[in-house]
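Asker: Listed in order, the protein sequences are those of chains A and B. Going letter by letter, the first sequence gives residues 13 to 385 in our numbering. Going letter by letter, the second sequence gives residues 17 to 426 in our numbering.
By construction, these hints were calculated from the structure, which means they are not laboratory data. It should be emphasised that the depicted structure is a prediction, and the values quoted were computed from it without experimental measurement. Wrong hints could be hidden among the right ones.
Computed beta-carbon distance windows for the label pairs [said to hold, decoys possible]: (1) B:A402 to A:D77: 51 to 59 Å; (2) A:G263 to B:Q236: 56 to 64 Å; (3) B:L55 to A:P157: 35 to 43 Å; (4) B:E32 to A:G358: 55 to 63 Å; (5) A:D77 to B:D78: 53 to 61 Å.
Among the chain B residues that face chain A by a calculated CB cut under 10 Å, a handful are [as the list claims (entries may be wrong)]: (6) R70; (7) R332; (8) D334; (9) R336; (10) V339; (11) L341; (12) R344; (13) L411; (14) L413.
Every residue gets a Cβ at the ideal spot worked out from N, C-alpha and C, and that includes glycine.
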Amino acid sequence: MGERVFVGLSGGVDSALAAALLVERGYDVTAVYMRNWSRDLPGFKCAWADDLADAERVAVTLGIDLEVWDCEREYKETVVDYLVDAYAHGLTPNPDVMCNQTVKFGTFAERAFARGADYVATGHYARVRHGSNGHPAQLLRSCDPHKDQTYFLWRVPANVLDRTLFPIGDYPSKAQVRQACAERGLGVERKPDSDGICFVGEVGIRTFLLDTLERRPGDVVEWETGRVLGHHDGAFLFTVGQRRGLDLGGGPARYVVRTDVGENVVYVTADRSCPALWTGSLVLDDCRWVAGEAPGACEPVVRMRHTGALVPALLEPARDGRSATVRFSQPVRTVAPGQSVVAYDGEVCLGGGIVSPRSYESVRPPFEAAAQG
Amino acid sequence: MPGAPTPGDGEEASREVYLDYAAATPMDPGAVRAMEPFLSHEFYNPSAPYAPARRAHAALEDARASLARVMGARPASITLTAGATEANNLAFACVDGEVVTDAAEHESVLAVAQSRGGRIVGVGPDGLVDPDEVARAVTPQTELVSVEAANGEVGAIQPVRRVAAVVAEERGRRLRAGESRPILLHVDASQAAGYVSVAVSSLGADLVTLSAAKVYGPKQVGLLWSSDRVRLRPLVLGGGQEGGVRSGTENVAGAVAFAHALELAERMRPQEVRRLAALRVDLEGRVRREFPWCVVSGPRQGRLRLPGLLHVSFPRLDARRLVILLERRGVYVGTGSACAASRMRSSHVLAAMGVPDVVAQGSLRITLGRQTGAEDVAYASRQITACVRGEMARLSLTDDDMRQAAGGDA
Chain A
13 MGERVFVGLS GGVDSALAAA LLVERGYDVT AVYMRNWSRD LPGFKCAWAD
63 DLADAERVAV TLGIDLEVWD CEREYKETVV DYLVDAYAHG LTPNPDVMCN
113 QTVKFGTFAE RAFARGADYV ATGHYARVRH GSNGHPAQLL RSCDPHKDQT
163 YFLWRVPANV LDRTLFPIGD YPSKAQVRQA CAERGLGVER KPDSDGICFV
213 GEVGIRTFLL DTLERRPGDV VEWETGRVLG HHDGAFLFTV GQRRGLDLGG
263 GPARYVVRTD VGENVVYVTA DRSCPALWTG SLVLDDCRWV AGEAPGACEP
313 VVRMRHTGAL VPALLEPARD GRSATVRFSQ PVRTVAPGQS VVAYDGEVCL
363 GGGIVSPRSY ESVRPPFEAA AQG
Chain B
17 MPGAPTPGDG EEASREVYLD YAAATPMDPG AVRAMEPFLS HEFYNPSAPY
67 APARRAHAAL EDARASLARV MGARPASITL TAGATEANNL AFACVDGEVV
117 TDAAEHESVL AVAQSRGGRI VGVGPDGLVD PDEVARAVTP QTELVSVEAA
167 NGEVGAIQPV RRVAAVVAEE RGRRLRAGES RPILLHVDAS QAAGYVSVAV
217 SSLGADLVTL SAAKVYGPKQ VGLLWSSDRV RLRPLVLGGG QEGGVRSGTE
267 NVAGAVAFAH ALELAERMRP QEVRRLAALR VDLEGRVRRE FPWCVVSGPR
317 QGRLRLPGLL HVSFPRLDAR RLVILLERRG VYVGTGSACA ASRMRSSHVL
367 AAMGVPDVVA QGSLRITLGR QTGAEDVAYA SRQITACVRG EMARLSLTDD
417 DMRQAAGGDA
């Protein structure tokens with residue numbers, strides 16, 4: 013009997029292949045379907061049942077156990093509430109980052125280890141180099157540069173990574189993952205890629221937020237002139253760089269430059285090269301470093317969105333490691349406060365932080381200066 | 017520890033055996049033929065005035081008359097709906113006051129009753145409603161009692177006439193006391209049709225739901241019969257079809273096929289009941305001989321349960337896995353009511369019967385039907401045996417373990 017692995021099986025393509033590979037490599041595999049969110053109200057058909065049925069099919073094909081673990085409470089408290097709270101404060105959070113930290117590599121890993129697992133595994137596109145000789149485990153980008161998911165894994169600590177397997181991390185492409193699923197008769201190879209926030213599902217984030225937070229009408233203001241161009245249902249609904257959903261009744265395309273949830277104002281510009289849409293540095297809060305300790309000042313490459321470009325930068329963690337400053341030699345597009353910035357030394361993920369609103373504090377609308385002076 | 021994954025267990029399905037007739041029935045070929053003209057050249061809107069449309073109208077009314085004949089009712093008392101769920105909703109819509117139903121009802125009744133804050137009485141360990149319980153739940157404010165004619169999950173044929181007596185007694189009491197509040201009995205006979213008489217006089221109800229989809233007719237076609245003392249209130253407003261109770265251009269093809277299917281089911285009823293009951297006894301015997309510890313739910317007495325339904329539980333096993341394993345051997349069975357199955361929760365019916373989770377999770381609902389023959393039953397029982405044995409081996413469970421989990425011996 014091989015080492016014991018608990019693998020998260022979602023009903024999707026990636027985790028199906030991950031489970032199959034573990035079985036083939038001789039591990040003693042238990043599959044777990046994490047039930048994170050269900051609006052199990054009378055009169056509503058819940059979508060997750062179909063995913064569970066697919067997961068069950070994979071487990072039966074592989075001849076492994078599938079357990080359903082209820083992670084709904086953790087998910088609600090650490091992902092859903094976090095998301096709502098962050099939006100309410102004018103941030104644009106990455107719920108997947110939190111889900112990985114607190115649910116998949118939190119609750120799930122803890123329960124698996126308590127049940128005697130040697131490892132936990134998921135279908136993430138990432139690689140791990142387990143620790144040795146006193147060196148902590150390392151998180152590496154996946155072989156497929158288009159699917160790499162380390163952007164969502166930067167808050168997973170080394171001690172958990174040390175007991176984590178990412179079986180599909182060295183597959184060169186999603187197409188090959190699908191192909192491998194098909195060859196094994198897992199029956200999920202034609203499922204579409206899942207995208208977006210699972211619990212928000214088809215209703216979309218705007219509907220979800222308006223369902224949860226109070227609608228708060230306010231003005232859409234032109235960044236340069238202070239002119240009121242239209243109205244919105246709440247500044248918390250908007251994110252920097254957003255172009256759609258402004259409903260300004262025609263005119264040129266306009267981009268959100270800034271949201272101010274305190275004053276409930278959304279600032280927009282029609283000028284794509286507006287200086288406020290670019291920044292030379294970012295302040296990061298709530299940093300986590302995979303190795304546990306912050307690196308010294310260094311020159312990694314950083315990523316500011318999932319599968320976004322890897323940009324050279326100067327990273328200066330604060331002494332306590334909890335915050336950091338990132339400086340760029342060339343200005344980059346502004347990143348919405350609340351988003352993750354993840355740093356890499358070559359392929360190795362160092363960790364990252366969450367863009368602080370302080371990053372943009374000093375940049376005020378031009379019309380204010382004009383009014384004052 | 018299995019080696020390389022093999023799809024299924026290498027066993028090729030040599031036969032396809034469908035044993036989930038309570039979920040869906042294949043349409044009777046005669047019903048298909050009967051509806052075809054109304055999908056093509058007889059497509060007319062029955063409300064239109066010209067001759068071809070009048071033919072469509074006549075066909076619709078003929079279908080209604082046939083349906084009424086089977087139920088021993090007047091054609092005008094039948095409202096055609098898009099299925100039994102709508103008919104059940106329509107039944108509840110005709111009262112404002114308190115409603116009483118039981119915990120083993122179909123979700124379309126339970127969901128409406130719950131949304132109305134209804135009183136829900138429990139059922140016995142065999143799934144049967146106790147009319148005395150219903151009597152205790154009825155108050156002077158109760159306006160509707162709803163009990164199904166037969167339960168689609170464990171097959172209990174409910175004592176509808178005795179519930180009708182409870183309702184009649186309360187009605188008498190109100191009359192004597194000078195209370196004007198009406199009280200009605202609704203019977204969802206969707207699962208019972210074809211196995212139990214659906215003559216309204218024998219049911220003693222004021223409202224009766226039927227579904228075409230369960231009697232080898234089309235899906236999304238059903239009806240609600242209502243007695244003279246009922247005034248239905250529409251849920252769907254529009255052109256005022258179906259006497260203003262159910263707007264929308266009539267589904268002539270569906271109604272024609274429904275009438276054909278129901279008439280046939282009623283004609284075949286005596287011999288089908290006997291034939292299916294014998295097959296079911298055979299199937300139960302085969303499964304029980306192999307697994308003496310298995311738990312068969314539902315009433316013991318044959319006359320109190322649907323003839324073609326076998327509800328059997330294999331404690332500690334997972335029904336969802338068994339369904340997939342059986343599918344790979346060409347055998348299609350259910351795990352209980354489709355709604356509960358899709359939610360992956362233990363069924364509300366089994367919960368109401370007090371079946372422990374460890375037993376409920378390994379429950380198969382096997383329903384035989386018109387196409388099921390003796391060889392199908394023999395084949396299915398062999399595959400069930402193989403799958404259950406396979407799962408027991410995988411989980412290292414012995415017959416003794418299973419007996420203990422079933423609570424079979426002390």
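Asker: Return holds or violated for the Cβ distance of D77 (chain A) and D78 (chain B) against the range 53 to 61 Å.
Answerer: holds (57 Å)
Asker: Just to be sure I understand the hint, the distance between the Cβ atoms of L55 (chain B) and P157 (chain A) should be within 35 to 43 Å; is that true here?
Answerer: The hint (35 to 43 Å, Cβ to Cβ) is violated, given that L55 (chain B) and P157 (chain A) are roughly 54 Å apart.
Asker: Taking the closest Cβ pair, is V339 (chain B) under 10 Å from chain A?
Answerer: Interface hint status for V339 (chain B): holds (9 Å vs cutoff 10 Å).
Asker: At a threshold of 10 Å, is the proposed contact between R70 (chain B) and chain A supported by beta-carbon distances?
Answerer: violated (40 Å)
Asker: Under 10 Å is the threshold here; is the Cβ of D334 (chain B) close enough to any Cβ of chain A for the hint to stand?
Answerer: holds (8 Å)
Asker: May I ask you to test the hint 51 to 59 Å on the CB atoms belonging to A402 (chain B) and D77 (chain A)?
Answerer: violated (19 Å)
Asker: Tell me if R336 (chain B) is really an interface residue toward chain A, meaning its C-beta lies closer than 10 Å to one of theirs.
Answerer: holds (5 Å)
Asker: For the restraint on R332 (chain B), tell me whether the closest CB of chain A is nearer than 10 Å.
Answerer: violated (12 Å)
Asker: Do E32 (chain B) and G358 (chain A) keep their Cβ atoms within the hinted range of 55 to 63 Å?
Answerer: holds (56 Å)
Asker: Is the hint on L411 (chain B) kept, meaning its closest Cβ partner in chain A is under 10 Å away?
Answerer: Interface hint status for L411 (chain B): holds (8 Å vs cutoff 10 Å).
Asker: With a cut-off of 10 Å on the beta carbons, see whether L341 (chain B) makes it to chain A.
Answerer: It holds, given that the least Cβ distance between L341 (chain B) and chain A is near 6 Å, below 10 Å.
Asker: Hey, does the R344 (chain B) contact hint survive, CB to chain A under 10 Å?
Answerer: Given a least distance of 8 Å, the restraint on R344 (chain B) holds.
Going through the hint list in order, the structure does not satisfy hints 1, 2, 3, 6, 7, 14.
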